[in-house]
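There are 2 protein chains.
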Amino acid sequence: MVKTSQGGALRVALAQINPIVGDLKGNAQKIIQAIVSARKAKADLVVLPEQSLPGYPAEDLLLKGQFVADNRHALKAIQDACIDVTAIVGFIDKGKGNTIYNAAAVIHNGKHVATYHKAHLPNYGVFDEKRYFTPGNKPLLVKVKGVGVGITICEDIWVRTGPVPALAKQGAKLLVNISASPFHLRKGKEREALLAKHAKAGRAFVAYVNMVGGQDEIVFDGQSVVLDTKGKIIARARAFGEDLLVVDIPEGGTKQAVLNPYEEILQALVLGTKDYTHKNGFEKVVLGVSGGIDSALVATIAVKALGKRNVEAVFMPSRFSSDQSLKDAKELAKNLGIRLKIVEIQTILQSYLERLKPFFKGKPSDTTEENLQARIRGNLLMAFSNKFRWLVLTTGNKSETSVGYCTLYGDMAGGFAVIKDLYKEKVYQLARHINKSGNAIIPLSVLKKEPTAELRANQKDSDSLPPYPKLDPVLEGYIEENLGIEGLVRKGFSKDLVGQVVELVDCNEYKRRQAPPGVKITPLAFGKDRRYPLTNRYRNKAT
Amino acid sequence: MVKTSQGGALRVALAQINPIVGDLKGNAQKIIQAIVSARKAKADLVVLPEQSLPGYPAEDLLLKGQFVADNRHALKAIQDACIDVTAIVGFIDKGKGNTIYNAAAVIHNGKHVATYHKAHLPNYGVFDEKRYFTPGNKPLLVKVKGVGVGITICEDIWVRTGPVPALAKQGAKLLVNISASPFHLRKGKEREALLAKHAKAGRAFVAYVNMVGGQDEIVFDGQSVVLDTKGKIIARARAFGEDLLVVDIPEGGTKQAVLNPYEEILQALVLGTKDYTHKNGFEKVVLGVSGGIDSALVATIAVKALGKRNVEAVFMPSRFSSDQSLKDAKELAKNLGIRLKIVEIQTILQSYLERLKPFFKGKPSDTTEENLQARIRGNLLMAFSNKFRWLVLTTGNKSETSVGYCTLYGDMAGGFAVIKDLYKEKVYQLARHINKSGNAIIPLSVLKKEPTAELRANQKDSDSLPPYPKLDPVLEGYIEENLGIEGLVRKGFSKDLVGQVVELVDCNEYKRRQAPPGVKITPLAFGKDRRYPLTNRYRNKAT
Numbered sequence: 012m013v014k015t016s017q018g019g020a021l022r023v024a025l026a027q028i029n030p031i032v033g034d035l036k037g038n039a040q041k042i043i044q045a046i047v048s049a050r051k052a053k054a055d056l057v058v059l060p061e062q063s064l065p066g067y068p069a070e071d072l073l074l075k076g077q078f079v080a081d082n083r084h085a086l087k088a089i090q091d092a093c094i095d096v097t098a099i100v101g102f103i104d105k106g107k108g109n110t111i112y113n114a115a116a117v118i119h120n121g122k123h124v125a126t127y128h129k130a131h132l133p134n135y136g137v138f139d140e141k142r143y144f145t146p147g148n149k150p151l152l153v154k155v156k157g158v159g160v161g162i163t164i165c166e167d168i169w170v171r172t173g174p175v176p177a178l179a180k181q182g183a184k185l186l187v188n189i190s191a192s193p194f195h196l197r198k199g200k201e202r203e204a205l206l207a208k209h210a211k212a213g214r215a216f217v218a219y220v221n222m223v224g225g226q227d228e229i230v231f232d233g234q235s236v237v238l239d240t241k242g243k244i245i246a247r248a249r250a251f252g253e254d255l256l257v258v259d260i261p262e263g264g265t266k267q268a269v270l271n272p273y274e275e276i277l278q279a280l281v282l283g284t285k286d287y288t289h290k291n292g293f294e295k296v297v298l299g300v301s302g303g304i305d306s307a308l309v310a311t312i313a314v315k316a317l318g319k320r321n322v323e324a325v326f327m328p329s330r331f332s333s334d335q336s337l338k339d340a341k342e343l344a345k346n347l348g349i350r351l352k353i354v355e356i357q358t359i360l361q362s363y364l365e366r367l368k369p370f371f372k373g374k375p376s377d378t379t380e381e382n383l384q385a386r387i388r389g390n391l392l393m394a395f396s397n398k399f400r401w402l403v404l405t406t407g408n409k410s411e412t413s414v415g416y417c418t419l420y421g422d423m424a425g426g427f428a429v430i431k432d433l434y435k436e437k438v439y440q441l442a443r444h445i446n447k448s449g450n451a452i453i454p455l456s457v458l459k460k461e462p463t464a465e466l467r468a469n470q471k472d473s474d475s476l477p478p479y480p481k482l483d484p485v486l487e488g489y490i491e492e493n494l495g496i497e498g499l500v501r502k503g504f505s506k507d508l509v510g511q512v513v514e515l516v517d518c519n520e521y522k523r524r525q526a527p528p529g530v531k532i533t534p535l536a537f538g539k540d541r542r543y544p545l546t547n548r549y550r551n552k553a554t
Numbered sequence: 012m013v014k015t016s017q018g019g020a021l022r023v024a025l026a027q028i029n030p031i032v033g034d035l036k037g038n039a040q041k042i043i044q045a046i047v048s049a050r051k052a053k054a055d056l057v058v059l060p061e062q063s064l065p066g067y068p069a070e071d072l073l074l075k076g077q078f079v080a081d082n083r084h085a086l087k088a089i090q091d092a093c094i095d096v097t098a099i100v101g102f103i104d105k106g107k108g109n110t111i112y113n114a115a116a117v118i119h120n121g122k123h124v125a126t127y128h129k130a131h132l133p134n135y136g137v138f139d140e141k142r143y144f145t146p147g148n149k150p151l152l153v154k155v156k157g158v159g160v161g162i163t164i165c166e167d168i169w170v171r172t173g174p175v176p177a178l179a180k181q182g183a184k185l186l187v188n189i190s191a192s193p194f195h196l197r198k199g200k201e202r203e204a205l206l207a208k209h210a211k212a213g214r215a216f217v218a219y220v221n222m223v224g225g226q227d228e229i230v231f232d233g234q235s236v237v238l239d240t241k242g243k244i245i246a247r248a249r250a251f252g253e254d255l256l257v258v259d260i261p262e263g264g265t266k267q268a269v270l271n272p273y274e275e276i277l278q279a280l281v282l283g284t285k286d287y288t289h290k291n292g293f294e295k296v297v298l299g300v301s302g303g304i305d306s307a308l309v310a311t312i313a314v315k316a317l318g319k320r321n322v323e324a325v326f327m328p329s330r331f332s333s334d335q336s337l338k339d340a341k342e343l344a345k346n347l348g349i350r351l352k353i354v355e356i357q358t359i360l361q362s363y364l365e366r367l368k369p370f371f372k373g374k375p376s377d378t379t380e381e382n383l384q385a386r387i388r389g390n391l392l393m394a395f396s397n398k399f400r401w402l403v404l405t406t407g408n409k410s411e412t413s414v415g416y417c418t419l420y421g422d423m424a425g426g427f428a429v430i431k432d433l434y435k436e437k438v439y440q441l442a443r444h445i446n447k448s449g450n451a452i453i454p455l456s457v458l459k460k461e462p463t464a465e466l467r468a469n470q471k472d473s474d475s476l477p478p479y480p481k482l483d484p485v486l487e488g489y490i491e492e493n494l495g496i497e498g499l500v501r502k503g504f505s506k507d508l509v510g511q512v513v514e515l516v517d518c519n520e521y522k523r524r525q526a527p528p529g530v531k532i533t534p535l536a537f538g539k540d541r542r543y544p545l546t547n548r549y550r551n552k553a554t
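Sequence lines, in order, name chains V and S.
12 is the number of the first residue of the first sequence in the numbering used here; add one for each residue after it.
12 is the number of the first residue of the second sequence in the numbering used here; add one for each residue after it.
Rather than coming from a laboratory, the hints here were simulated on the basis of the structure.
Do not rely on the hints blindly, as some may be mistaken.
What the hints assert, rightly or not - If you want a taste of the chain S side facing chain V, the calculated C-beta under 8 Å gives, among others: (1) Lys75; (2) Asn519; (3) Tyr521.
Said to hold, decoys possible - Restraint-style ranges between C-beta atoms, simulated for each label pair: (4) V/Glu294 with S/Leu508: 46 to 56 Å; (5) V/Gly106 with S/Ser456: 54 to 64 Å; (6) V/Gln361 with S/Lys338: 44 to 54 Å; (7) S/Glu294 with V/Thr358: 30 to 40 Å; (8) S/Thr358 with V/Gly373: 38 to 48 Å.
What the hints assert, rightly or not - Here are the simulated DSSO-like pairs of lysine-lysine, each with C-alpha atoms no more than 30 Å apart in a straight line: (9) S/Lys506 with V/Lys75; (10) S/Lys198 with S/Lys122; (11) S/Lys53 with S/Lys156; (12) S/Lys41 with V/Lys338; (13) V/Lys208 with S/Lys460; (14) S/Lys522 with V/Lys522; (15) S/Lys266 with S/Lys447; (16) S/Lys285 with V/Lys522; (17) S/Lys460 with S/Lys368; (18) V/Lys122 with V/Lys198; (19) S/Lys352 with V/Lys522; (20) S/Lys345 with V/Lys368; (21) V/Lys105 with V/Lys75; (22) S/Lys285 with S/Lys41; (23) S/Lys200 with S/Lys481; (24) V/Lys319 with S/Lys522; (25) S/Lys460 with V/Lys198.
Just so you know, these numbers come straight off a predicted model, no measurement behind them.
Just so it is clear, CB atoms sit at the ideal spot from N, CA and C, and this is done for glycine as well.
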């Protein structure tokens, strides 16, 4: 049973904030505001996320001595604001020489009274913490109003050899974990199961505070929680938004509902897009809408993220574009309340072909001419971007990106690839989910027609690729589950299908290397999650 | 004194080979050939580079269980070929569960008799070994013809706490280090100084065998060496080429001369370009030549790497291109003996401007129109690439790449960025070096004229940027030395200059993220060496 030395409940405030990487001043300000709000709410303890002061991941900024010094300086300002409440704040601590730690400062009455150094440094998936940090080797237990509070940072609770048992033994009644835990679908559920295990094993309450916000390809989903000693959730903060969750221990606090999977994906994409745009100083975005499902979904997400006035759509027909495509693009724009510009590309294409004719004569038309169309569109969008300072959103999905069914410098040209981690089947499902709650924003005919790039007459995606319902599960097995050809065949996929898909994924690494970042949704997104050599002769052939 | 149990010298063969990442079969074949050659040369011991079997770095291929299994299977074939000689071969060893080691197999008479696991795993700069490998914890000493041979792998000898003293104590008379040590300018010198220290401290001979060849952004330079117990070099293999260096210990062997710095840069660029092109299955390359120094240098390197028949040059004039540029491009092509295609871009540009007019009216001409020209050129080169399967080489240098004086999807469009790690001043120096040894291949007027992008009338690089002799040293201080603004000002650079340069570097990360790979020449190249967040509000302002 938790009881403070005054005999009452311990009031804990979980400050789920959205910092910006590198914005030491702004982040310090945000942290101070959270502390002030917690004090107003009469909290005894206010807890901020991992690395909330520098932002996470700060990557090679961490190698700059000046950045580390500036972060410690900023911590001083936070200290001074911290009266009548104990705060736990994530920052970069400096040791001997160039040694730095991923650290938590315990601040009480204006004084930095204790420091915890993260003991377990993740160095897999999107994480590179061993590149920067030295691991700590001492658990930290502090008393807050007489209650033993054990402090851990993110990975510390995900490994078997973590400090939780030692903290429990030392008498921790409350286990605090500060995290910057990247979202993937259903990550919240995994976390809550893990936290419940710790609560039960340590017979302690658990307060878990997670960062929220988008940072390049990662979104932090928030969903901070407090659990009782039986592992029951007694309070839960918002998903995908800032929150200050004030919880009396043992009684509990506000408990936000968990989102359904499609809503989770949608909100991750919306927050990721909004934060990438705004944190990089853009107000408006521009994208090409083709009348197809991918661009329809991206436009919808962009409107949800930035507002309809800040989304510019451009329809760029060639002679292969159907009337239906134009109709659908127009209807989409109308439904979303956004402007639609129309820029024909036929004469531009003609001017290229004219110039290239002497060199290409005798050669049949092939993907060269198809790519040219995609690249003209890329150039037009970039021209709008350059002229009006609009960020270009690309619209490629994960199925296309996996097999290279996309044009480098064409439809891949842009600053942010909103749905790059969403397989085509998921694109459809998410579009239907949006339509359910939003009066069929995405035109029905867009959902129904067969996917086509419209880069030649009567082209269909299925001319070049297996149909998406067949393709997507193989991709998932190959990319997310890291199965080899034999493993995939054992799963029941045909050898031919698997061979074709694996070959396509393997030989398109060079395209992905030059792709813009986009929101990570799956456990294994293209980007820092998956680091493949470009020069790579390994081909795991079916035997 | 080294003496075999038969009383003679120990004959060691350093097999400096150029494997291809992932090509297990091909690499095994290459290793077997080296072993056979060593046997013919009557060597007692043949030593191959770190990870010579899988190639280095194999990156996330290492996370594929099948790949690791295939590598161990390939090792078996090598074993069988290994008669009458002891071989040390770099491979991936497998431990419990998913544990893998960066390992050296000692093979004798067809048997894998001992295994060493690399104890020190680099996880900085371009290295990510802690992402994959588990460190070993046992030094390995083997007897070869009665001589104690201590085995280490790369990083093991670069750290203070490495296994060398323990090996010396155990009686190692010969210290073997197998490496895949990425080149940067003068790296060979650093290595030899380090090896001499180990030789003297351990009173042992040192045999250092390094990989050779290009792998994406890295070049391995070879320059394998043998040192005597006083730290004197008694044999040195070729730089930037395969070699089998047969050395009698203590007597010595062939000693290749060390290259001068410009020749070193040139050969690194030539090998990097050649290997990226061929290892990725291309025969021919195409590049835009503008009449400027950068494209002149890249064309020259390409010819040295691939031969003149395999280099296609395209001159793409606009109305801003001078007659001199055409003249220079033609002269360059003639000097190099390569074809020059001329494709005017004016009408294509016109067709874009026509289409964009309704949207741009009232807006002054700006970088939008300049970028369009660069992007049209990028599209044309990509069209040649698509139609004829030529790899596009880009021609941007490190000064431009640093400050973003380049166009994404324009002059940055391509597969390999040959001189991306060469500052502009170095570009000039290298061009002069080439002209010295090659009858003024690069036209004199190219060397003499003022740098210009020719994207508007009378444009000069110096309109937008500090002159390169001023710019380059600031970039070097900021990027390679990681100095902050204050550090740079302390070095004597003006506060205004530093402020301008740092701001430009910081805000152009997004361009570099989508850039193609290129050869690492400096200790800190853009690429895996320098991992900056795109979303980054940190600005270290001059105070």
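Hint check results:
1. Lys75: The hint holds - S/Lys75 has a Cβ within 8 Å of chain V, the shortest such distance being about 6 Å.
2. Asn519: violated (12 Å)
3. Tyr521: holds (6 Å)
4. V/Glu294 with S/Leu508: 46 to 56 Å: Violated - the Cβ-Cβ distance for V/Glu294 and S/Leu508, about 31 Å, lies outside 46 to 56 Å.
5. V/Gly106 with S/Ser456: 54 to 64 Å: holds (56 Å)
6. V/Gln361 with S/Lys338: 44 to 54 Å: Since V/Gln361 and S/Lys338 have Cβ atoms about 31 Å apart, the given range 44 to 54 Å is violated.
7. S/Glu294 with V/Thr358: 30 to 40 Å: holds (35 Å)
8. S/Thr358 with V/Gly373: 38 to 48 Å: Hint violated: Cβ distance 23 Å, outside 38 to 48 Å.
9. S/Lys506 with V/Lys75: holds (19 Å)
10. S/Lys198 with S/Lys122: violated (36 Å)
11. S/Lys53 with S/Lys156: holds (13 Å)
12. S/Lys41 with V/Lys338: violated (60 Å)
13. V/Lys208 with S/Lys460: violated (71 Å)
14. S/Lys522 with V/Lys522: Within the cut-off at roughly 15 Å; holds.
15. S/Lys266 with S/Lys447: holds (26 Å)
16. S/Lys285 with V/Lys522: holds (20 Å)
17. S/Lys460 with S/Lys368: Since the Cα atoms of S/Lys460 and S/Lys368 sit roughly 35 Å apart, the hinted pair is violated (cutoff 30 Å).
18. V/Lys122 with V/Lys198: violated (36 Å)
19. S/Lys352 with V/Lys522: holds (27 Å)
20. S/Lys345 with V/Lys368: The hint holds at about 24 Å.
21. V/Lys105 with V/Lys75: Roughly 12 Å between the alpha carbons, so the hint for V/Lys105 and V/Lys75 holds.
22. S/Lys285 with S/Lys41: holds (19 Å)
23. S/Lys200 with S/Lys481: Given pair S/Lys200, S/Lys481 holds - Cα atoms ~28 Å apart, limit 30 Å.
24. V/Lys319 with S/Lys522: holds (28 Å)
25. S/Lys460 with V/Lys198: The hint is violated at about 59 Å.
Violated hints, in rising order: 2, 4, 6, 8, 10, 12, 13, 17, 18, 25; the structure is consistent with all others.
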